[in-house]
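Participant: Listed below, chain by chain, are the residues.
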Amino acid sequence: MEALKIKKDAESTIKEFLKFLMDKNKVEAVFTLTRMEDGFSYCLIKDKEIISQAVPFYPFMPSNAGKMLSRITLIEPLRKPILAILRPCELRGFIELVKRDQGSTENIFFMSFICPGVFPLKKLSLGYEEELKEYKEKIEKGELSKNIRNTCKACEHFIPYNSDLTISFIGENGKESILIIENEKGENLIQGFEGERIEFEKNFVNMKRERKKERERIIRETEEKGKGLDKFISLFGRCISCHGCSKICPICYCKLCDFDSSSHEIEPSSYEDEVKKRGGIRVPSNVLLYHLGRLIHVSVSCVNCGMCSDICPVDIPVSELFLVASLRVQRLFNYIPGRDYKEEIPLKTFEPEEFTEIAG
Amino acid sequence: MKVNKLIIDFLLSLMEKKKIDAFLLPLKVPSGDYYTYVLTDEKELIEKGKPVPPVMPAGGARALQSLTRLGSLKRKTGIIMHPCQIKAVIELYKMKQVDLENLYLFSFDCPGVFPAEKYIKNPKETEKKFEEGNQNEIRELCKICDKFDMVYVDVYIGIKKENIYLTPKTEKGEEILKDFKLENQPEPEEIKKRRSEAKEKFIEDFEKEIKGPDALLSLFSKCINCHNCMRVCPVCYCRQCFFDSEAFDLSSENYLLRAKNKKALRFPADTLLFHLGRMSHMIFSCVNCGNCEDACPMDIPIGRIFTFMAEKIQKEFDYVPGRDPQERLPLVTYEEEELKWVEKPYTRILRR
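So the protein lines, in turn, are chains A and B.
Here the first sequence stands for residues 93 to 452, where the numbers follow the working numbering.
Here the second sequence stands for residues 239 to 590, where the numbers follow the working numbering.
Hints listed in this document are in silico derivations from the structure and should not be mistaken for laboratory results.
Backbone N, C-alpha and C define an ideal beta-carbon position, used for all residues, glycine too.
Certain hints may be false.
[Claimed, not checked] Below are the DSSO-like pairs computed for lysine-lysine, each with C-alpha atoms no more than 27 Å apart in a straight line:
| no. | chain 1 | residue 1 | chain 2 | residue 2 |
| --- | --- | --- | --- | --- |
| 1 | B | Lys500 | A | Lys140 |
| 2 | B | Lys288 | B | Lys356 |
| 3 | A | Lys323 | B | Lys286 |
| 4 | B | Lys255 | A | Lys368 |
[Said to hold, decoys possible] Each pair of labels, with its calculated beta carbon distance range:
| no. | chain 1 | residue 1 | chain 2 | residue 2 | range |
| --- | --- | --- | --- | --- | --- |
| 5 | A | Glu286 | B | Asp452 | 39 to 47 Å |
| 6 | B | Val558 | A | Ile450 | 57 to 65 Å |
| 7 | B | Glu554 | A | Arg420 | 56 to 64 Å |
| 8 | A | Leu384 | B | Asn422 | 20 to 28 Å |
| 9 | B | Glu421 | A | Lys238 | 57 to 65 Å |
Between the sequences and the hints, there should be enough to build the whole structure, so can you do that?
Facilitator: So, in structure tokens, the structure goes:
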């Protein structure tokens, strides 16, 4: 694959590149994680001054950016070109949303990178200087940080799909970065930016191996914690039904979740009948039904970004459980969410012969 | 806690006397790492109940909303909740989200609750701290809660030195306590005084952190728009929040224009608007329970922000949420002469 080798670390490279794009009027604005006076935030940057504050590689995911892009393009596509820098799972989330008519890719240049993962949000409200140092050292060596989200450790798709330009800085000793040109759009964008033309193969064998090992471990540990109805119930017993996991999920796009709708309201008499039958009933009920229902709706498109675990106020390992379930479901359908715009969502496609072993 | 046992015995005696048919009360979940409300008429289950649990049971006042939004329960049902949650129940009643028919409300001198995160990390140790009467690690808002006894209940349960004192607060309460020998309720003076002082200090100190648009903006800057605070708020009852509605589906041009005007537009956008909007909708009824602060994944002191505001606004309207079900919500009452000091500058501008 053709690429541009730049003899600078990734942060300087990206800042120069963004400035170049704005100067040459190649894009109208840039969507990226940005360092603000009071913290880090996704921003749609319109002004060249702010471009130097872009920190797309900072290990922090305050929201799945795919969801944010869907907010921008829900009603109409962008009329002028922008560049969006997203992590691979965020880009996949956006593609899944586009498949559900929740956004448009028109006029967006996608830039992504070989993703080293992000820290859990909780870590960021504490001090984390040490962790940041470890994170950088590991990237330079091409290894996995031990402080990132579980779903990041387990990530199978840290090499992006559907990006026009991909940056790689893993294992480059922090002194070089590679701008991989994925397609014609990427080529047009990079035209005129200085660097050494090279051939580049996205192998990352070590990273793949390390993550596979972690994935197997996390799946094993999660199954120990949550396999079987009893264990599943005990994991979700402490759920306070805030439904934050659905609100933050890049795939859960419904304005009003079915489980919040009037169809799930229970008549007082039904509660009293249940008490007669069972002696006692948890109120509000159907806590598990919500999670299983959401799992059914989401698992085929789950991009394992890990937002749900991060925002759970009672520390339920939601994303780990969704990881275990979604990997199996996605394998059954040979479906990788966000791999290809044109790939139809399995739940929407009909095959006359499918799962005959189950359906008979 | 001996008190829990005493309260349970009292509740069971009400059942034996056929004064109450069933209870909604806190119970530990099977995995032992949290509490939830359970509706039950079974003696064995009630015996396992913890009327005064160390954490806020899942759902809070919303449990009762889920039970009675569509109508009243047919059996006489006793509801035992923390004072702040009963207050929220009363507010929800005013907003037609709860049906109080056949309900008997119970609450108690509240020792406060531990933050959920703390409890889940180590349930056993936290239970122990709670039993020992630890007041240092409870929710920040519990530490400054001095109005816990200003709550509308049928029976108020005073707690002093491992003893309970029953006081009927309504005719219904008097009726069910008819056969009980009652002692005078000791005033929870000491704890109220301590919390009152802490609250005064808090209001004074927090003013510096919150005053002015810049301070407010920076307090909320970490917000990731998960709306957990709204979802666990016992008085935010809208099925679909206005801020999640189509009113906030904006065109891409709108976003680009705003990005241009501000140089850069943050995403999620309009987070401060959400918080201020939510505040203006529910601040009159805010019961300072702290559920919002507990559920915030970004550690924004949201409960303290709302308590600070609620304290000032509720005082302005001489309104105490949850004090009396007949008291009308300030936003639905009309007074000809009201808040003149706010309106004055406006009339002056008109005359000019």
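Participant: Starting from B/Lys255, check that the Cα of A/Lys368 is at most 27 Å away, please.
Facilitator: 19 Å, holds
Participant: Range hint 57 to 65 Å: satisfied by the CB atoms of B/Val558 and A/Ile450?
Facilitator: 59 Å, holds
Participant: Holds or violated: are the alpha carbons of A/Lys323 and B/Lys286 at most 27 Å from each other?
Facilitator: Holds. A/Lys323 to B/Lys286 sits at ~22 Å (cutoff 27 Å).
Participant: Keeping to a limit of 27 Å between CA atoms, is the pair of B/Lys500 and A/Lys140 held or broken?
Facilitator: 12 Å, holds
Participant: Taking the beta carbons of B/Glu554 and A/Arg420, is their distance inside 56 to 64 Å?
Facilitator: 57 Å, holds
Participant: Assuming the hint says 39 to 47 Å, is it satisfied by the Cβ distance from A/Glu286 to B/Asp452 or not?
Facilitator: 41 Å, holds
Participant: Given a hinted range of 57 to 65 Å, is it respected by the beta-carbon distance of B/Glu421 and A/Lys238?
Facilitator: Holds - the Cβ-Cβ distance for B/Glu421 and A/Lys238, about 60 Å, lies within 57 to 65 Å.
Participant: Looking only at beta-carbon atoms, does the pair A/Leu384, B/Asn422 fall within the given range of 20 to 28 Å?
Facilitator: Hint violated: Cβ distance 52 Å, outside 20 to 28 Å.
Participant: Given the hinted pair B/Lys288 and B/Lys356, is their Cα-Cα distance within 27 Å?
Facilitator: 19 Å, holds
In summary, the one numbered hint that this structure violates is 8.
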